[in-house]
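With the hints as constraints, model all of the structure from the sequences given.
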Amino acid sequence: MEKYEEKELYLSAEPMKVNLGPSHPAMHGTVRIVVGLEGEVIKHSDVQVGFLHRGFEKECEASTWNQVIPYTDRLNYASPLLNEIGYVLAVEKLLGVDVTRRAKVLRVILGELSRIMDHLVCNAAMCMELGAFTPFLYLVKTRDYIYLLLEKITGQRVMHSYMRIGGLKYDVTEGFEEEVRALFPKVMQCVVDVEALLVKNRIFIDRTVNVGCVTAEQALGHGWTGPCLRSTGVDYDVRKAEPYLVYGDLSFDVPVGTNGDNYDRFQCRFAELRQSIRIVEQALAMLEPGPVMLDLPDMGLPPKDEVYTSIEGTIRHFMIVMKGGVVPAGEVYMATETANGELGYYIVSTGGGGPHKCRVRPPCFANMSAMSQMIDGGFLADVIPTFGSINMIGGECDR
Amino acid sequence: MSKKVVRGIRKGFKDEVLSDHAEHGDFTVVVKPGKLADIVRYLHDDEEMCFEHFCDLTAVDWPDREERFEVVIHLHSIRHGHRIRIKTSVGADDPTVPSISGIYGGANWFEREAFDMYGVRFEGHPDLRRILLWEEFEGHPLRKDYPKQKRQCPIPLREQPPAQPEPFPERP
Amino acid sequence: MAKIKINGKDYETDGARTILDVTRKNGIEVPTFCYNPELSIAANCRMCLVEVKGAPKLMPACQTDVRDGMEVLTASPKVKEWQAQNLEFILLHHPVDCPICDQAGECQLQEHYQKYDRGKTRLWSHEDKLPKSKRKVLGPHVIHDAERCILCTQCVRFCHEIWGEHLLDSQYRGDHREIIVAHGQALDFPYSLMVVDVCPVGAMTSRDFRFAKRVWMLHKAEGFCAGCATGCAAYIDSDEDHVYRLRPRRDDAVNRVWLCDDGVLSGRLHNEDRVTGATAAGKALDERAALREAARLLEGARGQSVAVLSAEYTTEDNLAMARFATEVLGATDLYLAARPDGEADRLLRSADKNPNRAGATAAAGKAVKPVSELAGAEAGFVVALGGIGTPPAGAKVLVLSARKGDMTAAADVLLPAPTFAQCAGTYFNAKGMARSFGPAIAPKIHEKPLPTSVAGVLDGICAAMGVAHRTGDLAPAVAKIAASLAVPADDASTKEGAKP
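Chains as they are written, first to last, in this note's numbering: chain P, 1 to 399; chain L, 1001 to 1172; chain S, 2001 to 2500.
Don't read these hints as lab results, they were simulated from the structure.
The list that follows gives simulated cross-link-like pairs (lysine to any residue, SDA-like), each with its CA atoms no further than 25 Å apart:
id	chain 1	residue 1	chain 2	residue 2
1	P	Lys93	L	His1024
2	S	Lys2132	P	Glu306
3	L	Lys1148	S	Gly2438
4	S	Lys2115	S	Lys2129
5	S	Lys2120	P	Gly290
6	P	Lys304	S	His2126
7	S	Lys2120	P	Val326
8	P	Lys58	L	Thr1096
9	P	Lys323	S	Tyr2244
10	P	Lys304	S	Gly2119
11	P	Lys323	S	Arg2214
12	P	Lys58	L	Gly1139
13	L	Lys1148	S	Tyr2244
14	S	Lys2080	P	Asp298
15	P	Lys43	L	Arg1112
16	S	Lys2220	L	Asp1064
17	P	Lys240	L	Cys1050
18	L	Lys1144	S	Ala2442
19	L	Lys1003	P	Tyr244
20	S	Lys2129	P	His317
21	S	Lys2213	P	Glu59
22	L	Lys1144	P	Phe51
23	P	Lys17	L	Arg1129
24	P	Lys323	L	Asp1145
25	P	Lys240	L	Glu1047
26	P	Lys43	L	Arg1130
27	L	Lys1144	P	Arg74
28	P	Lys323	S	Val2096
29	P	Lys58	S	Ala2442
Written out as structure tokens, the structure is:
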């Protein structure tokens, strides 16, 4: 056999430009990644977001305080209630009101259920894009159990619009606690099944371990939060660092990774999901009967029976709907931990019927901003699991 | 406590600080735009401050003010557990502030977004182009004088309804 | 000069008569329902009661004369308690009508409740509310809902004091009291819609505006009524290219706070018989093609044409037309089209039903002939502003008009002009006062920009004709007309109609 020199074996390739997206079968969410390839290796990349930009902030500035709530549902549409909670907490901070205990506990329970949904669907999408279709079906089916419960409580399957400034739209349905408890075995069974299929799977490990690595320092500088940040080993969770609602009274752990790679992010999400179940179990025990809505004459809509039968209720309803309520002038930043990380609302009020500025600090916008660095120098095929593990949600990233 | 941060900025940049407040517990420092990057560098590097975590950067439009655009930066220190909000204002004629994307990599995209939405320019930004909107977009939509109903379509709207597709030929 | 103390602060009365005069002048909030500065004091709504030191009971601010050293509290706990109680009392029999009430959104009852009461009713059930007539026809324009009425009697006082006839009255007592048409009368007079305007709640409804639009969706612009030569200041309320109503706007020199029925309903000058698009020989064209057609029509028109100005249009529009006609077409004869005269009365209405006869005549710069003489004129070409008049037989006719008429029917090329609600410009009313205004309805943002002025259309025609003429800046010419028509300053105060 002839001997070839090492140099001759190397096939030099012209740099090639490849467009991934905006519509790509292995990319959930509309995002476009322009990669410059040399062979199979990415030499440089340009991540372009904004395909789902709907002018969230512009709409908010033209809306009244209560009208913003349905818009927030459409940010991270995989866990809408967490976005609503962030918004109403920000406005409540501006108003200086504290909601009732029952409303707080219910917000925690429903928020954590949303977080479970989000983690389920993120991991589902990630493994499906790696070819693992069975876990995807398992996980998405399990998410649907939670959807059914939320639909029963809020009246809407996906876009709930259930939080109100000052509490909740109305109390939960009867038998709520049992139904929530009945979810846990289903969720846990599914997670165990999926882990059995994936965690020691050679193909899965090859494509996730040591792929898309990020160091803690890089992650912090890019403003990473949530499971992505924690996978790099930074122990930061807004629920622990700055407890809101009743998180201060609950005991739960903050799972952290070590490597900051795709595998750690995947594992972090499942570990957090287990903690969420722990939280919900404790919160259910704290649930006591009581009102769920404060009486805010300038902001909260009166109960419907009052609106329909008394002129006082009708007038109040009309004044709030037409003029938008009264929030004192000022500015506020409220951070909450959503499934993707720290969701911050920076709201500026000039005392009018709606926000002068309603800025959302989207966690996955910050996460996505490091995408380019994560994929440069890697293989083209690694873009898919890396993108999947970031959990870019178009509605939140592009607003 | 964030009070310490406010004191630190006031001490190090005496002439730059215009005012500070702690509305709703959010510590805020209003500074002149000139040395914004130096202040942020100090907050990032100093041991006492240690704002290693970039949080948010945005702008607010105040059409009635002389210095119309307010750039608002939120920073967070995980180690010390404190937050700070830095605000600075620039006029509409030449809305330029120093970029902080050299200090926090994450500010890169946030500054691009503020430029996209408000037209505020960040001096020293490596790649200041639109991010959420397309390159050909005219104007900056989050300015208060941009009408909400205005449409800009990269592909013009069809004036006529599309022609009906021809029916499938019948099976013989 | 008396000095009084309100809420611990000293105020000069400055010749004010009552406590309410002082508070209004100094921006201190005192809620009222029945008070109207143009009418006599009734003090029957009891909403403006304030605490006066030394007086055993609360005193009505609207009726209590100020005296030196008086100490008044407008927001003491006692006053606040009274305000809430009074509102609960007023609302006791008020129907649950906001969803179907035209006033919702500009209703004083809603505003005062949200600000001063916010309590709940102690009535057992809404079925205990006293039923009254929901639809009482008072006159051709006004329908009364007796359940909503809070009996402030502003409407009664308006008819009696401003119009001078005792047309309305009230009957029964207590809860059962309601507003009726006085015996042997009907609410049929040229200002009947003003009772709707003065009504602080939704009891008096305009037959025209009833159930037509929710008021918070209206775009409210300041403008002037274009219905007659008086030139009353008005708000023009519109939505989606439809003018729903005009409301009087305060102008002490002309209309105080009143407007006649024709004025309130003059939105129909915009809504009805509109020329909505360009046509040539009856065929619809797009704007650019129409300008080309107009240029082609005017070939050879120089020296053979006459122009028609219009008293319906602004001075700017007429100036542009006059310049175009004389400089481009060499027209020597200018005609003035105008709506025919109508009724006049002692309050506001003028017999001349055109908003700008003075301005249009001055814009011509020379004597104008009435448009009725146009049919007999010898001219090959007619260029007309507005739809009034009949062109001579055989002439080629170019018309710029907002509304249809005989002239637009005879037009060879017809181009749309902005209506009174769409245009910006200046009217000169019968007294020669300049009434400048901006467009009340902006062209839609994503529509192709309509011609917002006659000058713009005429410049487009000039460009299509290849003529260098452009209208140019009209402001100096308007200012010159304003100076020539100006009323001497001392005359302005004693003008008839200043105090109707």
